[in-house]
Amino acid sequence: MNLSLILQMAADAEPERVGLVCDGTRWTYAALMRAARGAATNIKASGCTHVALLDESSEASAIALFGAAIAGVPYVPLNYRLADADLAGLLGRIAPAYIIGDVERVQRLNSEGGHTVLPRAEFVAKAEKAAPMEEEEEGEGVAVQLFTSGTTAAPKAALLRHANLLSYILGTVEFASASPEEGAVVSVPPYHIAGISALLSSIYSMRRILLLPAFDPDAWLALASGERATNAFVVPTMLGRIIGRIDAGVKADLASLRAIAYGGGRMPLELIERALDLFPNAGFTNAYGLTETSSTIALLGPEEHREAHASKEPAVRARLASVGKPLPTVEIEIRDEEGRQLPAGESGEIYVRGDQVSGEYRERSALIADGWFPTRDAGYIDAEGYLFLSGRADDVIVRGGENMSPGEIEDVLMSHPAIADAAAIGVPSVEWGEAVGVAIVIRPGHSAPSDDEIRTLIKGRLRSSRVPERIAVMEALPYNEMGKLLRRELRTALST
Amino acid sequence: MKPGMKLKSAVDDAEFMVIKGSGLVVECGGAPMSDQKPAAPAAIDSSFAGGTQIGKRYVDEAGTVELLCVKAGKGSLAIGGVALNVKEAKPLPSSD
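For the protein sequence lines, the chains are X and L, in the order given. Heads up, the first sequence is in the numbering used here, so the first residue is 1 and it goes up one at a time. Heads up, the second sequence is in the numbering used here, so the first residue is 1 and it goes up one at a time.
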């Protein structure tokens, strides 16, 4: 099986339907397929071992993804925001590669790599001209290789096989299920798993991709209203910034928007409640997944969002903070540190199994017995089967043997009217080994609450062990570009 | 046949990807399919001429076989003369 099947089916079913819009240019499924087959010929002829993208999103990301798949060579979109030294390391690990994008940087950082490097426009033009490669090659079976962000050690090269990604798409998307007016704004970076799965899902459902080269809230609003977008996927930070611009008076007609999916990081309750009110006609879907699982493994659907939002029942309301139920095609279990399965309601590490789960790195497979993948995410499943995340297993605060999830403390802090953003982390404590430290950001126009006020707030809502020992007021919390909080940096800041 | 393999109709251009099932012979339009297309097309059996649709999944009653139609055709699918049926899709909300 080859991932290119997804585009080929769309091109066979409706060759002249527009499948992708980027920077005002409209690409039909047939034109994308033709370019991908031409790209495959050029990729194959280059003798490369990887196809890399070092660029923002464009039609080239779709053409390279499918072209590489046809040629049987792994596609490796690289994070163009990486510092030179880090990028140089990754370029060395994929040499010799066929690289699309920033020619100058590749030549400066890894001239000895033997890479073939083309600017985006030249890559696309050459792909359209080359003889199409008709027979797909399987190669080693790896369709996509994504480098993890690697905050502790060298980034790991996660491998997603054709079989993993196809299994995810075939298991979650009905072919050609989108009506002709449907279009989805895709604004996640091309080097993130969500950027890959957005292309695949949209093409298989035949929902037009409205591609934003790089996220910017004003550009997002202009594209969504100008193209009458019906769907969008956002990370919580993006949603917050979009709503911020609407609040600031930016005019955009979003009446056509009927489905907003989000994931990739913790969604603040306040933000999702606000979004549900602001877009009363949109269905919201919370998607939880990892790079190593080919994207989504659990989701909370539109009805569940509205039900939770409207409910007076605390247990039903709490579901807004859940990532929903496992997909029918995967199994999820919560296990303790010894690997024993835990009952409903008990917190531990999330394990997942299914055909879409790769759990494989270039260096080794992280799968354990019977194909289970330990995610290193912590969470629990409630009595109704809803999955709740409580951060990375490594983020859990252990105070005198008691495990505390940062999220519950952060939610309470965020309920304070003067607090715009908050994070809880473990800080060293002589008495407890680790104690709670919190960092808060003050809303403009408000003054910072006193330490006593914060401690009283937490004591009133949570067990006294959650009361912070250290409180720091910051200008902003450190996030990466996908909106992931860099807890490690906070820990350093609060431990000194 | 085995999962991942592409089966080609002997009566027309239809193609199917095996999602589930091994070691069985599936007929399309009454003629057995394989991974190779015959040089000359076989005649279609009029009792298996209902056609297949691209993107639909075809399953047997017992759930041992699942084929994805990747190229549509005029023949319909069966195993040992017993027709396969379209698998009902359980729509999930789009999550990406």
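Hints may be right or wrong, so weigh each one.
Said to hold, decoys possible - Pairs of lysine-lysine, DSS-like flavour, derived with a Cα cap of 30 angstroms:
(1) K2(L) <-> K44(X)
(2) K44(X) <-> K8(L)
(3) K126(X) <-> K71(L)
(4) K484(X) <-> K325(X)
(5) K484(X) <-> K459(X)
(6) K71(L) <-> K129(X)
(7) K44(X) <-> K71(L)
(8) K6(L) <-> K44(X)
(9) K37(L) <-> K325(X)
(10) K325(X) <-> K71(L)
(11) K20(L) <-> K74(L)
(12) K325(X) <-> K20(L)
(13) K37(L) <-> K44(X)
(14) K325(X) <-> K74(L)
Since the hints were made in silico from the structure, they are not lab data. Everything numeric in this text was worked out from a predicted model, so none of it was measured.
Hint by hint, here is what the structure shows:
| no. | hint | in the structure |
| --- | --- | --- |
| 1 | K2(L) <-> K44(X) | 28 angstroms, holds |
| 2 | K44(X) <-> K8(L) | 27 angstroms, holds |
| 3 | K126(X) <-> K71(L) | 29 angstroms, holds |
| 4 | K484(X) <-> K325(X) | 23 angstroms, holds |
| 5 | K484(X) <-> K459(X) | 27 angstroms, holds |
| 6 | K71(L) <-> K129(X) | 26 angstroms, holds |
| 7 | K44(X) <-> K71(L) | 26 angstroms, holds |
| 8 | K6(L) <-> K44(X) | 23 angstroms, holds |
| 9 | K37(L) <-> K325(X) | 43 angstroms, violated |
| 10 | K325(X) <-> K71(L) | 33 angstroms, violated |
| 11 | K20(L) <-> K74(L) | 23 angstroms, holds |
| 12 | K325(X) <-> K20(L) | 24 angstroms, holds |
| 13 | K37(L) <-> K44(X) | 27 angstroms, holds |
| 14 | K325(X) <-> K74(L) | 39 angstroms, violated |
This entry does not satisfy hints 9, 10 and 14, going by the numbered hints stated previously.
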